[in-house]
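Novice: Let's have the full structure, built from the sequences with the hints guiding it.
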Amino acid sequence: MKTAQHPEQAAEFVANDARAHWHDQALWFVREKRDRMAVSLPEWEQLRDTASQIKLHTVSRMADYLEEFERNATKLGAVVHWAKDAQEHNEIVLSLLKKIDAKRIVKSKSMLTEECHLNPFLEEQGIEVVDTDLGERIVQLRKEAPSHIVLPAIHIKKEEVSETFHEHLQTEAGNNDPNYLTEAARNHLREKFVAADAGITGVNFAIAETGGLVVCTNEGNADLGVSLPKLHIACMGIEKLVPKAADLSVFLRLLARSATGQPITTYSSHFHGPRPGGELHIILVDNGRSNLMGSSQFRNSLKCIRCGACMNTCPVYRRSGGHSYGTTVPGPIGSILAPSRDSKQHKSLPFACTLCGSCTDVCPVKIDLHHELLEWRGEIRKRGQLPISKTLPMKFTSWMMQSPWLFGVVGAIGRWCLRHFPRWAIYHGLNPWGKQREMPESPKQSFRELYQIHESKKASDE
Amino acid sequence: MSSRDQILNNIRNQIVASVDHPGLAGEWIRYDDRVEHYATVLAAVGGTAHVVDSAEQILAELNQVPAFAAAKKVVSLCGEVAGNVDFAQIDDPHKLEDVDFAILPAQFAVAENGAVWVDDADVKHRVIYFIPQHLSFIVPAPQDAADAIVDNMHQAYERLSFGQPRFGTFVSGPSKTADIEQSLVIGAHGARSLNVFFLRQ
Ligand code: SF4
Numbered sequence: 001m002k003t004a005q006h007p008e009q010a011a012e013f014v015a016n017d018a019r020a021h022w023h024d025q026a027l028w029f030v031r032e033k034r035d036r037m038a039v040s041l042p043e044w045e046q047l048r049d050t051a052s053q054i055k056l057h058t059v060s061r062m063a064d065y066l067e068e069f070e071r072n073a074t075k076l077g078a079v080v081h082w083a084k085d086a087q088e089h090n091e092i093v094l095s096l097l098k099k100i101d102a103k104r105i106v107k108s109k110s111m112l113t114e115e116c117h118l119n120p121f122l123e124e125q126g127i128e129v130v131d132t133d134l135g136e137r138i139v140q141l142r143k144e145a146p147s148h149i150v151l152p153a154i155h156i157k158k159e160e161v162s163e164t165f166h167e168h169l170q171t172e173a174g175n176n177d178p179n180y181l182t183e184a185a186r187n188h189l190r191e192k193f194v195a196a197d198a199g200i201t202g203v204n205f206a207i208a209e210t211g212g213l214v215v216c217t218n219e220g221n222a223d224l225g226v227s228l229p230k231l232h233i234a235c236m237g238i239e240k241l242v243p244k245a246a247d248l249s250v251f252l253r254l255l256a257r258s259a260t261g262q263p264i265t266t267y268s269s270h271f272h273g274p275r276p277g278g279e280l281h282i283i284l285v286d287n288g289r290s291n292l293m294g295s296s297q298f299r300n301s302l303k304c305i306r307c308g309a310c311m312n313t314c315p316v317y318r319r320s321g322g323h324s325y326g327t328t329v330p331g332p333i334g335s336i337l338a339p340s341r342d343s344k345q346h347k348s349l350p351f352a353c354t355l356c357g358s359c360t361d362v363c364p365v366k367i368d369l370h371h372e373l374l375e376w377r378g379e380i381r382k383r384g385q386l387p388i389s390k391t392l393p394m395k396f397t398s399w400m401m402q403s404p405w406l407f408g409v410v411g412a413i414g415r416w417c418l419r420h421f422p423r424w425a426i427y428h429g430l431n432p433w434g435k436q437r438e439m440p441e442s443p444k445q446s447f448r449e450l451y452q453i454h455e456s457k458k459a460s461d462e
Numbered sequence: 001m002s003s004r005d006q007i008l009n010n011i012r013n014q015i016v017a018s019v020d021h022p023g024l025a026g027e028w029i030r031y032d033d034r035v036e037h038y039a040t041v042l043a044a045v046g047g048t049a050h051v052v053d054s055a056e057q058i059l060a061e062l063n064q065v066p067a068f069a070a071a072k073k074v075v076s077l078c079g080e081v082a083g084n085v086d087f088a089q090i091d092d093p094h095k096l097e098d099v100d101f102a103i104l105p106a107q108f109a110v111a112e113n114g115a116v117w118v119d120d121a122d123v124k125h126r127v128i129y130f131i132p133q134h135l136s137f138i139v140p141a142p143q144d145a146a147d148a149i150v151d152n153m154h155q156a157y158e159r160l161s162f163g164q165p166r167f168g169t170f171v172s173g174p175s176k177t178a179d180i181e182q183s184l185v186i187g188a189h190g191a192r193s194l195n196v197f198f199l200r201q
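Going down the list, the sequences are from chains A and B. By the UniProt record's numbering, the letter at position 398 of the first sequence is numbered 398, and the numbering carries on one by one without gaps. By the UniProt record's numbering, the letter at position 18 of the second sequence is numbered 18, and the numbering carries on one by one without gaps.
Keep in mind the hints are simulated off the structure, nothing from the lab. Take these hints with a grain of salt, some might be off.
[Claimed, not checked] Taking CB as the label site, the calculated pair distances span:
#, chain 1, residue 1, chain 2, residue 2, range
1, A, 75, B, 40, 38 to 44 Å
2, A, 12, B, 161, 49 to 55 Å
3, A, 438, B, 12, 25 to 31 Å
4, A, 430, B, 40, 40 to 46 Å
5, A, 7, B, 159, 35 to 41 Å
6, A, 168, B, 65, 51 to 57 Å
7, B, 17, A, 42, 28 to 34 Å
8, A, 64, B, 40, 39 to 45 Å
9, A, 177, B, 24, 52 to 58 Å
10, B, 12, A, 209, 19 to 25 Å
11, A, 123, B, 86, 37 to 43 Å
Idealized CB from N, CA, C, for every residue including glycine.
Specialist: Following this line, the structure appears as structure tokens:
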């Protein structure tokens, strides 16, 4: 199966120039809000260091902490399940729902359930799953996937939301006011909350020491979804653990500031055990995470707290849109996580990067994102997965650069061609560099020639 | 082998260098005037802070809030203000669906982010923090409002303990979303407004 690669999918997005610019600006706006929040705390860098260390420490003792978490969560009355992979996760959820014959489910944002494709799985079984985060509901009604992990509908314009709501929620045609549209969604989703048989949430943090979970939202949808029905299912990747409750101080200070430039999310809810008369089931999912732990290069990516800051700042993400990555988690971190699952399918992602390093600068847990992306490029070459369009020019360049004479000749030809060839001979399909930008102006002389002239002038002056 | 054991074994088979926990000591931010800083941050996230000395004052302030004056169904879990719903008698949280206004006690506030901490130790239905159209918190302040406000989240966690089955949450401002073109809209699913009263005693 040939899977579409990033450049092709990005080409579709940039074909609409105005939209690409609008998208770029919207994300940059969020990035600027993040900056203002970061500078408001003099201890920002210390927080990042501390967060990074806590996560590395947790990964280094992951098995112990998972067992400690399981013990404590069970003591509180929660039921802990373990899932090796997506399939097992989905089956556990289904069996829990079947037990109480649940037909209507409300779900708050969870990248893990996206990763496991839980919704289509449950829908096939005749179960209605309603995503209750406004952005997620918008993309769900439009039958799309989220294009960002924190701002799922960042690629959609309000006119389009209006059309979608007009069709599904019978809102006034042509009313594009975000207040009006949000109010319509509020009323629509209230009905769903009240009618739900069970609530599913993701997990932002799980605390080994106490057996508790923390879920952060701005809308309050996770909380509403699990405090009306009796069954709460919480789905989490094993990397969400932190050792102690006090460690959350560091992470909650960083998360919302990095994600959306807020001092904290509106609700940061701590669930310890089920509510009286209710049930809490926690599913711990591996799905490839434990394999990442063993790799000293890519272990770092397990520190990620899914704040999305690396996406907001990434010049490639901003201009190519989340869908161009073809993965649940897009952007810089997604381009590291996806190839570690299937490097053949996602081989183009580590190259969707300018290596500018901006992601590394903003990451609240100090993942060296651009270094890891570079590592992945090497890895993909080693695995023989590079396309010929990359290997052939590299082979030629390597051969040419081994001979100073050849290098000089090719350089001179290149400079001459750039100056004298007609545009069509320079800007075409074989020169992707020239797609959206001008080639540099070609100088008459090479650096070497200029240097020689300078040296001989100096000698004659003396 | 169970999935549990497979996952744990697989993790234990990885060679991962041991890294120490860094500890949480630090020069974390403090504010000269916690009350003022709290009020500024809360306002920035869409809420309003008040410092009051009596129940009458709370009522006077609440009467200025249009949603309170118009509220038909009011839940109050604070002795200072009367509600008209017998919360203790409610058996099913779904019956709280049409609550217009709730006045609830909060334990303390956090200056750096405008949050208050609440839990369900004495609150039968935790949904009461999320389902009312509008919300007010009363935070007891021993002498000065500043006594009820910690500077930062590190101090906040020093005040919390999690030994038993319980739900607790930091609430910072009313419910909000910016999912439609990054335009901020207050009142996504939860409260449409939030007032926080520091009651000096
Ligand atoms: S890699 Fe860092 S910046 Fe990107 S989402 Fe994860 S924590 Fe945030």
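Novice: Which of the listed hints are broken here?
Specialist: 3, 4, 5, 6 and 9
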